[in-house]
Amino acid sequence: MMESVKQDILYNHENELTDLLQNNSILSITDKYGRIIYANDRFCQIIGSNRNNIIGETHELIKSHLHTDILYKKLWKTIKSGEVWKGVLPNKLVDGRFYWLDTTITPVKDENGDISKYIAVYNDITDYYNKKGAIKMVDPKGKTLSQNFLNVDLSINSFGKILKAKNKILNTSIDDVVGLYVYDFINPVSHNVVKKQIKKVFNERESSEFETIEFSSKGQQTFFVSKIEPVYNSHNEIIYATIATKKLRKNLKIKKELRHIEAKYSTIFQSINVGIIVVTDSKGNITEWNKGAESAFGYTEDEVIGNSLTMLISEQHLITSVKELLKAKIHLNKKKNGENLEMIGLKKCGKEFPVEFSISNWDNGKDKFYCAMMLDISNRKKLENKLKQKTEDLELFLYRSAHDLKAPLTSAEGLLNLIKGEDINSNVKLLTTLLDTTLERGKLLVDNLSYASAIQDKSKETNTINFKKVIDDTLKTLSGLKNFESIKFEITINQLGIFYSNKELINSIFQNLIHNAIKYSKPISNDHTPIIKIEINQSENKVNITVKDNGIGIDEKCIGKIFDLYYRVDNEQEQGSGLGLYIVKRIVDDFNGEIKVKSEQNEGTFFELTLPNFIKN
Amino acid sequence: MINNITLIDDNKIDLFVNQKIIEKYDSGLKTRMFTSAVSAINYLKILDLNINSDSLTKPDLIFLDINMPQMDGFQFFNELRKFDLKDPKPIHIYMLSSSLSLEDINKAKSESLCSGYITKPLTVEKLKTILETVSIEDKNYNYKKPI
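Chains A and B supply the protein sequences, listed in that same order. In terms of numbering that gives the first Met the number 0, the first sequence has 543 at position 544, counting the first letter as 1, and numbering is strictly consecutive. In terms of numbering that gives the first Met the number 0, the second sequence has 46 at position 47, counting the first letter as 1, and numbering is strictly consecutive.
Okay, chain A solo, but in the shape it has when bound (with noise of 0.2 angstroms):
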């Protein structure tokens, strides 16, 4: 019966109905989902948009900033379980001015039970609440809040609404500040903090003390410090915690010689064109980005932050990156120091790039961050690519040219031969035996420099070496020197394992250093014998040389000088190349190995080398 009636009235009446509804109130349907589906005029004038624009957006039209996501979690909840949600809710204008609207909201549902749109009908009661004067509506920006409890003892719920208060906020009596929110009367950029400060104090039971800081219109800063403290009740419980705020006076000067650091430090900091790229520990996500990074990498800043920072990796290169980046921060937080590291990185449009990290840490409280300064080193790697190659054609024009010099020096060997196979007078033998040691002196030279200028290239070639062989190969070739027969040698070899490395340049090493010893020492006599002692550690993974003589020694102020390119000893019988220990030195740093010199003049020489065993994998 009550049915029919009801669907008469809607029939017979709904046209004026509608009219009704259209006029005086403020009405719109959305979806299960939240999504407008109706929306009558004055919504429209209210939100001050077409309803073309209304028509399946979400509610989300109607959220401001002044009421905490709370509030609209609790609307969700209310109407979602199907029950009327009455309440007021605020809206924010295109020009900046508020209108409250004092809401309700009912859920319809469908034949099945369940809940297919919600119907909301509001009233502007924004003259009503002007009047009260009950909130300065604050633009965000806009004038300080926090101010407006100052010094006052508030008792607030783990989501911030205010239980009692002592004393008047502002214009509000004390009746009327209960039941609201202490967001309402803070700067929505703190929101966040204070949040985070509530649910710290409910959960861990400790009090809390935190800073806020508030922007006048004119853009100056105001601190606050403000204390939340939990009260109990018998059974350890906490029922409320109280919160009281007070400006920060005696730190003034301080904050404002900080306010200017900040200020300094946040524009270099922007407008530096070296990228700068913060991360937090915890999750490697991006929290500052600044405008060097981002003409560097293309991103904005709000398609960076909170992102992984390995965005910006090449993913070929993604693995070894993060290891890397992984080992940095394990150094960082050993030492403290910064560290470099080189990797690919990504740019926004795929294309890649190398980059050079420079990365710094500091704590914040138990927070960890991560500082990355970037550098764009295409310009150096191009630059050390080319400067690779000038140096491989520069070693390949050295090798041809010692190549090609050796030519005409043989030829001119093969011509003194001939001469000397003439029938020639003793002053024409003398000239050509003395142009018989140049021409050997040129053919050494020559050799050496073809020689010093293929290192690179043999060093990379690997063989067992066996170190009693490699002696015995070059004393051989080195017995034909002056002395060579009095000269009493002492080897130890201790050669564990095999040793892998390249045996010509290992060769070369002991040719080098014995043919020195040989040539540098003191002849033979009465109370000197001469030594050469050579000795060889091999363990796992390096081995140890010592040669050590009892010869004419090094000049101290030479000793500095003698693994120099070119550099000779003065010595009226003998004349190297002057390359000898050059490409000693050479070998020994291809393998990254290390070489020590000792010496006396008149006592000898003692060479200490350590090298690496390039075990095959």
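Ranges of calculated distance between the beta carbons of each label pair, as one might list FRET restraints:
1. A/Leu417 - B/Thr128: 16 to 24 angstroms
2. B/Ile1 - A/Leu495: 51 to 59 angstroms
3. B/Met32 - A/Leu495: 56 to 64 angstroms
List of simulated lysine-lysine pairs, BS3-like, C-alpha gap at most 30 angstroms:
4. B/Lys125 - A/Lys419
5. B/Lys106 - A/Lys467
6. B/Lys108 - A/Lys442
7. A/Lys502 - B/Lys125
8. A/Lys442 - B/Lys125
9. A/Lys442 - B/Lys127
10. A/Lys442 - B/Lys19
11. A/Lys428 - B/Lys11
12. A/Lys419 - B/Lys11
13. A/Lys419 - B/Lys127
14. B/Lys11 - A/Lys442
15. A/Lys468 - B/Lys106
16. B/Lys23 - A/Lys442
17. A/Lys468 - B/Lys125
18. B/Lys108 - A/Lys459
19. B/Lys19 - A/Lys419
20. B/Lys108 - A/Lys502
21. B/Lys108 - B/Lys57
Simulated from the structure, these hints should not be mistaken for laboratory data. Built from N, CA and C at the ideal position, the CB exists for glycine as well.
With chain A fixed as given, assemble chain B onto it according to the hints.
Using the frame of chain A, we list chain B on its own:
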């Protein structure tokens, strides 16, 4: 027995020196000289076609330089391999170079037609050793040859 020696070298002074050394060792030896590997190859080709010609004699031993323009010593071997010599008796070819480079020496070692590698300048002693080795090889070669 070695009677004919051929020298291939782009350097005329080296050719002169080598010729003198050969003369000095045994003035009875005949030498023929080429300043390029290309002309030496052409000569060997003609020789192969007119094997009975009196004016042309097949060399028993060749001294071959490595670094030459147009065709180097190693390319000479490749050319030589392209035509099968009708006369089965092999020619002993020695590389004679001033190069001490391992790369050259190894390349020469792996060349099947190359009998050996000697460094310049050629001396009477070096020549003597080669001729001795070569005649032993020839004897063995003849001996092994089936009748």
